[in-house]
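Two independent chains are provided; combine them into the complex using the hints.
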Amino acid sequence: MPGPGVARGGDAGAGAAAPEAVTVFRWDLDKTYLRTDFDSVRDLLRVPFETAAQKIHVPGVAELLRALRRGNPSRPRKALVYFLTASPPQIAGPIRDKFALDGVEVDGIVFKNQLQILMRGNFRGLREQVGFKLTELLRARIEAPEGVHEYLFGDDWESDAILYSLYADVVRGAVDPGELERLLALLAVDREWRRGIAALAEKLTPGDVVRRIFIHLERESPLGGFRAFGRRLVAAFNYFQTAVCLYEEAEIDLDGVEAVARALITREGYTRAMLENSLDDVRRRGHVGEETHRRLTRDLAERGLVPWRRRSLVRRMREGIGRWRVARRGSASGDAVSALDYAAVIAAWKESR
Amino acid sequence: MPTIAIDAMGGDHAPEEIVRGVAQVSRESDIQCILVGNEAVIQRHLEETSYRPEKLSIVHAPTAIGMAEDPREAIRAKKDCSLLVGTALVAAGRADAMVSAGNTGACVLACAKTFRVIRGIRKTALASVYPRKVEYPGQDPLALLLDVGATIRCQSDELAQFGIMGAAYAKRISKVPTPRVALLNMGSEANKGGDVLASAYELMQKLPGLNFVGNIEGNDLARGKADVIVCEGLLGNVVLKLIEGVSEVVLDLASYAAHQHLAWRLGLSMLASGIRQLRDLTDYRNYGGSPILGFENIFIKSHGRSNARAIGNAVKVAAKAVRDSVPAEIAASVALGR
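If you read the sequences in order, they're chains A and B.
All residue numbers for the first sequence refer to this note's numbering, where the first residue is 1 and numbers rise by one.
All residue numbers for the second sequence refer to this note's numbering, where the first residue is 1 and numbers rise by one.
Pulled out of the complex, with its shape left as it was, chain B reads as follows (with noise of 0.2 Å):
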């Protein structure tokens, strides 16, 4: 059985969520879960809800690093934060993979910091999981961005790398026996979007067991046409924002339309099932968290605003990606591509 890490202090509903989410997967799973971060705190959350201590443990570290710091400053100069102290056990073996909710930027320093990097990686990537339009029955209505903001500009070699890091991981984890690569550009030719990604382009096409699909546009983001998109950080960021606030807005809408007229209200509550789909496939907590990948260590990144059940999902993600050898995957993909 897996043993997962998790940061009890990170997020913003740190840390009574986090340790609900895990008290839930310490009834149901038989996964190993050690919360990391202020004993005390945790103990007392922890008597406030139903748990198996069997399957749970705690690590004191006495700092956490806030959602509003500034990492590298937080990362160098909380030594004993919960982050850090999760991710030495990680690296020490002692736990399998880690699990956060904290400051996005200190997860990255913080794996940078403790883990390897895998042999061949220039550069590691924050990946993220989306909804998307399935195109055949079976395909996974999840695609795969990345980065999204571990390395907020790229050269095309890295890119390249990126793809074959997504590739390996959608094949793990999603069952997708040769998941298709795209690259998100601004135009679907092979020398568009400047010299980076037309070289990235080549680079791309030329890489033994990657299935390239070549380039798509934002308009394509949200169908089924590729399993994983690669761009550089910055721009992954972007993106990733847009469809959250895009899903915010829809049910927004729906909403104040509700409120509006009777007529209105009864056909929306017609389509409620309809709506309820699309709320749950847009909702994040139902995929529980994104890895960042390019490391020997599993570590799993859950939104900011996590709740238990995000985490509880998050954890059970870091679980099968420890269960599928994800970082073995990806380091006998980058070996073969090299």
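Chain A with its partners taken away, still in its complex shape (with noise of 0.2 Å):
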């Protein structure tokens, strides 16, 4: 049952009992799928009277859903996509039609319906993120089945990258009831909302389901602010590096890493170089191990995407030792995620505004 103030356009859970391995990938729409500008309050006015023809999606973006639904065959799975937005569901229909134009195929939609909330006279709640997405994400993973795993994409715009640790760390269990509160009533999260999210928190079976959470850096935020979120936060300059992250989690195949570059390439203008700076960064920051960055290296170059750079033997025994270390150490991608410090998070956060 959708709870106060919601739309849904499909099934807006994983769906029932899973026959096959399913991954569920959770997105954000405003700035992270659409290029929407609400910056003014005259471009705030504009966003409802855009046609599908007139909205503009993140160059890649669709792209790497296409990908995604098709997943690698090396693993194969099913995959559902679902867009959580504080949008309200008069825009569904342009939305959707916009999906159809892109190609890309949606399991479900979640708007925020802003004109109910506001006949129940809760004005606090138009301006409410945080609380409205995280009772929906909670309630879409009470319905989905046990042992289906996530990937959830959002933008430094607003507060996703608190919200999807957040959820993540309520779904594994490693918040508890009074902390959970706390940290909401940080957030500046309703009373209402609240109530609701510790209630729906109390159903879940703990389970560690959230492997990765993109943030898509639209405001180009510097990315020592998401040093606190740990490696499972991966912040990313453009889609290129999400697709390369998540082809090294065998969720995407090569062809979909190249489908994602042609795609910078064409619409932004990408060179080769830029598509291999990229490609090295996220190597740096540590979210692709030297292994998956020395093939895809070989692989695009191969497709002509990136430079053929020939390797001398000192660089390639230099490589041959940062990948023993990195092998000891463990894979860049290791999932173990630490409670995080939340006060200190939302404080950051808040400080940043």
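Hints were generated in silico from the structure; no laboratory data involved.
Computed from a prediction, not measured in an experiment: that's the story for all the values here.
Note that beta-carbon positions come from the ideal geometry of N, C-alpha and C, so glycine has one too.
Any given hint could turn out to be false.
[Unchecked claim] Ranges between beta-carbon positions, derived for each pair:
no. : chain 1 : residue 1 : chain 2 : residue 2 : range
1   : A       : Trp308    : B       : Glu296    : 22 to 32 Å
2   : A       : Ala92     : B       : Ser273    : 52 to 62 Å
3   : A       : Arg219    : B       : Ala40     : 24 to 34 Å
4   : A       : Ala273    : B       : Asp12     : 29 to 39 Å
5   : A       : Arg219    : B       : Arg122    : 52 to 62 Å
6   : B       : Glu135    : A       : Gly286    : 51 to 61 Å
7   : A       : Pro145    : B       : Arg323    : 56 to 66 Å
8   : A       : Asp341    : B       : Asp80     : 32 to 42 Å
9   : A       : Gly147    : B       : Asp12     : 53 to 63 Å
10  : A       : Glu291    : B       : Arg27     : 24 to 34 Å
11  : A       : Arg303    : B       : Lys206    : 52 to 62 Å
12  : A       : Ala344    : B       : Arg305    : 31 to 41 Å
13  : A       : Arg303    : B       : Pro177    : 39 to 49 Å
Written out as structure tokens, the structure is:
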């Protein structure tokens, strides 16, 4: 049953019993999928009247979603794609048309029914983001079969990094009810939403289900601000970087990475050097391992997407030592996540606003 | 788009300010930057600022040359330092130019060790731009002074070549069609300053394509009489430091006066915009850096105290020199003068 102020399209959960391996990809819409401008009141007023053709998606995102749907033949699984947005359901039509135009198959979209919230006289609820989204994420999780893992996609415009991390840790059972209540209060979540979230958290079967959280750096926020979130969260400058990380996780294949890269070349004027630099950047930040980096560099060079680099014997030896060190340390995509210091994270986030 | 290698470990404020400056360039221009230095350290500083990874790469260099190190010894001992790794990238064609705020002597030696000297050039020169009075509308407010330290003592033909190189640089970078070249001397007469300067005067007067305007004295440096001023390295370095020192003293005096009397403070506040303009004009951070001329590759030497803005401007100057093919212009001018 949808909660107050919620409008759903399709099945917003992960569906019923899964006969095969299922991976859920949960996406934010504005600034993550769509290049929505709401920097001014004028922009905000224009959004509801935009047609599907007028809506512009972030370069590479449609190709990535198609690649996620297709998956990786080396690890077959069913992909479910959901969108969760604080936009009103009145724009559902153009949004669905936009997905159709982009060839993106979506299993469900949850909108925030602002009108209904207004009718209930809950004016604070209109601005509520964290409470609304956390409620919906938890609700969807409860409806999902056990063992289904998730990837979450957001941006640095609002509070997606905190929201998704908190969700992942609540589902993991790493945040006790008292702490959750305190954190939600710190995040200025309305009391009514807090009560609902606490009730939903009680119903959860704890599990480490969130594999990775991807934050698209729409505002070009400094990466240091995301360090506190640990290695589970990947701040990505473009969808090629996201694709590379998902390739390492075997969620997409090389063709998927290539499709995203080609979209950036075509739509954003990326060069081979720019793609190579993006690839090197995620390697340096430890989001992909040396082995994946080496393999991708070679394979993408063969496909003409990054420059060929003749590597000297010294460099190859150094890379070999690096690989050996990484192997000793454990995989770059290791999932072990300790509980975050949310109070500090929230304080830093508030300061940066 | 040009690719510029930047010595991330060179300079008084390296690597923080260097990394910040390059990160800013990555956000606002199409220049491809290669930060050369300790990869882990550079990455850590990068993550504290906003940057675009698409236009930025890092090439690891495990060591660096300190500002106080003996240049010759350091270049000999540290083969894997950021400066030499950077110049090697340029020599190998992976980068089009190099920028460093590091040890000046080491920069000149690194260029000499890695780059090829333009055919016909006898000595290379370190140039520097400084603000001067403009004599006509549209005149570049900056003059080029060379050499300021690469070649301590020079022969007359070497000074003449400095004039050719400086004119070629000014033509391309300052867009002055026929830059006026002068020799820094102790009098305006042709025979002043000893044999070397008198002989250089004669040579420069005869050079085809060089707009030689004769000798200028120290008190003419700040006037717009010449666009390129030639002197040997020792003298050039003294002049450069003197200009910097005078500018600092003027600003210190203004600051002192502001603290003494309310009336002076009020007067200064009325002059504030003028003082700001003066400060901006004399602020090396606005110019970015100066070229080491005479090599087939471009090297821009930034002030040792460079901050992020200065480094960003130095990278832009380097990119401009690449786009405007400065070494090719110098080579053509030298060939013409032979």
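Results of checking the hints against the structure:
For the pair Trp308(A) and Glu296(B), the beta carbons lie near 25 Å from each other, so the given range of 22 to 32 Å is met. Checked against the hint of 52 to 62 Å, the C-beta distance between Ala92(A) and Ser273(B) comes to roughly 56 Å, which is consistent with it. Between Arg219(A) and Ala40(B) the beta carbon distance is about 26 Å. The supplied range of 24 to 34 Å therefore holds. Checked against the given bound of 29 to 39 Å, the beta carbons of Ala273(A) and Asp12(B), roughly 31 Å apart, stay inside it.
At roughly 54 Å, the beta-carbon separation of Arg219(A) and Arg122(B) lies within the given 52 to 62 Å, and the hint holds. Remark: the range hint 51 to 61 Å for Glu135(B) to Gly286(A) is upheld by a beta-carbon distance near 58 Å. Separated by about 59 Å at the C-beta atoms, Pro145(A) and Arg323(B) satisfy the suggested range of 56 to 66 Å. A hinted range of 32 to 42 Å holds for the C-beta pair Asp341(A) and Asp80(B), which are about 39 Å apart.
Checked against the hint of 53 to 63 Å, the pair Gly147(A) and Asp12(B) passes, with Cβ atoms roughly 57 Å apart. Here the CB-CB span from Glu291(A) to Arg27(B) is close to 31 Å, well matched to the stated 24 to 34 Å. Evaluation of the 52 to 62 Å hint for Arg303(A) and Lys206(B) yields a pass: the beta carbon distance comes to about 59 Å. At roughly 35 Å, the beta carbons of Ala344(A) and Arg305(B) sit within the given window of 31 to 41 Å.
Restraint check, Arg303(A) to Pro177(B): a C-beta distance of roughly 48 Å satisfies the suggested window 39 to 49 Å.
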